[in-house]
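I would like the entire structure built from these sequences, with the hints used as guidance.
Following the UniProt record's numbering, the numbering of the sequence shown begins with 1 at its first residue and continues without gaps.
The hints are simulated quantities; they were obtained by calculation from the structure and are not laboratory data.
Backbone N, C-alpha and C define an ideal beta-carbon position, used for all residues, glycine too.
Hints are not guaranteed to be accurate.
[Stated by the list, open to error] Here are the computed lysine to any residue pairs in the SDA-like style, where the Cα-Cα straight-line distance is at most 20 Å:
hint	residue 1	residue 2
1	LYS180	CYS225
2	LYS180	LEU213
3	LYS180	GLN222
4	LYS215	PRO197
5	LYS180	THR146
6	LYS180	LEU133
7	LYS180	LEU100
8	LYS215	TRP92
9	LYS215	ARG176
10	LYS180	TRP195
11	LYS180	PRO220
12	LYS180	LEU114
13	LYS215	ASP87
14	LYS180	TYR217
15	LYS215	VAL93
16	LYS180	ILE84
17	LYS215	PRO26
18	LYS180	PHE214
19	LYS215	GLU99
20	LYS215	LEU100
21	LYS180	LEU151
22	LYS180	CYS159
[Claimed, not checked] Pair ranges (Cβ atoms, derived):
hint	residue 1	residue 2	range
23	GLN222	LEU6	18 to 26 Å
24	LEU213	ALA237	34 to 42 Å
25	ALA247	ILE84	32 to 40 Å
26	LEU47	PRO26	29 to 37 Å
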Amino acid sequence: MELYGLVTLVGVFLLLALEPVLARNPLHHPRLDRWCNNIGLAFTNELIRFFLPLALALVAVDGPWQAFNASSLGLLWGALLAFIIMDFSLYWVHRCSHELRWLWRLHRTHHSDLDMDVTTSFRHHPGEVGLKLVLMSGFIGLLGFTPAHLLTYVLLHRCFALWSHSNIRLPEGLERQLAKVLVTPRVHQIHHSAWQPETDSNYGQILTLWDRLFKTYLSPDQVPCPARFGLEDFRSAEDQRLSALFAQPIR
1 MELYGLVTLV GVFLLLALEP VLARNPLHHP RLDRWCNNIG LAFTNELIRF FLPLALALVA
61 VDGPWQAFNA SSLGLLWGAL LAFIIMDFSL YWVHRCSHEL RWLWRLHRTH HSDLDMDVTT
121 SFRHHPGEVG LKLVLMSGFI GLLGFTPAHL LTYVLLHRCF ALWSHSNIRL PEGLERQLAK
181 VLVTPRVHQI HHSAWQPETD SNYGQILTLW DRLFKTYLSP DQVPCPARFG LEDFRSAEDQ
241 RLSALFAQPI R
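Given below as structure tokens:
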């Protein structure tokens, strides 16, 4: 947990320092208000992320309900298998969060941010965070993965969440090469477009492989920078207040 927290803090402060220098898009809305709202959600969500997955995984290890015992693979192969299965599974969880209306009501809090920077990575409704962690932790327990198997993916997932949401422009050639394999900021900004056909694309967490395989990938070479971010139903100042974000799923 200490390592996870350290990676998060270092990543946030590093990207916040780089964003004004390497900004990809201009920010159109008050930064302080957005940061307060997003970080307000982060406090609740990070508590859930810290304690719930490990508690459920520890309960699930060596249970009679296991379909497979990944601990028999050893640390290296178990971690590699966990990486592939987790990234594949989270692609589908993310995609279902757009395609199933009741999940979208929770997930749309993340998409209602009117600008996009590293703090957007924290903007998730606590109900969505708790539900997804219960589902994924149960799945992890079913396969018998240990916390040691999951550590690499958990840390990489946090790094990529911060990086892919950041307002940082990479050299065009470098980003094009990276996007062949990895979710880059420019790839993920398409997913946060206010235009739904672009929003319903690029669901990948770390790898772009799954989007390419299941035909949901939109390349930055083919799609221009989104005209604007956010959702058309939640653009007023009142919609962006922290209290409104907590209430958003039932509005």
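Checked hints:
1. LYS180 <-> CYS225: Judged against 20 Å, a Cα distance of about 18 Å means the pair holds.
2. LYS180 <-> LEU213: Answer holds: LYS180 to LEU213 is near 12 Å, not above 20 Å.
3. LYS180 <-> GLN222: Holds, at about 14 Å.
4. LYS215 <-> PRO197: Distance of about 13 Å is within 20 Å: holds.
5. LYS180 <-> THR146: violated (30 Å)
6. LYS180 <-> LEU133: Roughly 29 Å separates the two Cα atoms, so the pair is violated.
7. LYS180 <-> LEU100: violated (28 Å)
8. LYS215 <-> TRP92: holds (13 Å)
9. LYS215 <-> ARG176: Satisfied, since the Cα-Cα distance of roughly 19 Å is no more than 20 Å.
10. LYS180 <-> TRP195: violated (24 Å)
11. LYS180 <-> PRO220: holds (11 Å)
12. LYS180 <-> LEU114: violated (28 Å)
13. LYS215 <-> ASP87: holds (16 Å)
14. LYS180 <-> TYR217: holds (11 Å)
15. LYS215 <-> VAL93: holds (16 Å)
16. LYS180 <-> ILE84: Within the cut-off at roughly 17 Å; holds.
17. LYS215 <-> PRO26: violated (30 Å)
18. LYS180 <-> PHE214: holds (15 Å)
19. LYS215 <-> GLU99: At roughly 15 Å apart (the allowed maximum being 20 Å), GLU99 and LYS215 satisfy the hint.
20. LYS215 <-> LEU100: holds (18 Å)
21. LYS180 <-> LEU151: Given that 20 Å is the threshold and the Cα spacing comes to 25 Å, the pair is violated.
22. LYS180 <-> CYS159: Distance ~18 Å between LYS180 and CYS159 Cα, so the pair holds.
23. GLN222 <-> LEU6: 18 to 26 Å: Violated - the Cβ-Cβ distance for GLN222 and LEU6, about 38 Å, lies outside 18 to 26 Å.
24. LEU213 <-> ALA237: 34 to 42 Å: Between LEU213 and ALA237, where Cβ atoms are some 41 Å apart, the hint holds.
25. ALA247 <-> ILE84: 32 to 40 Å: Check passed, 38 Å falls within 32 to 40 Å.
26. LEU47 <-> PRO26: 29 to 37 Å: Since LEU47 and PRO26 have Cβ atoms about 33 Å apart, the given range 29 to 37 Å holds.
In this structure, the hints that do not hold are numbers 5, 6, 7, 10, 12, 17, 21, 23, in rising order.
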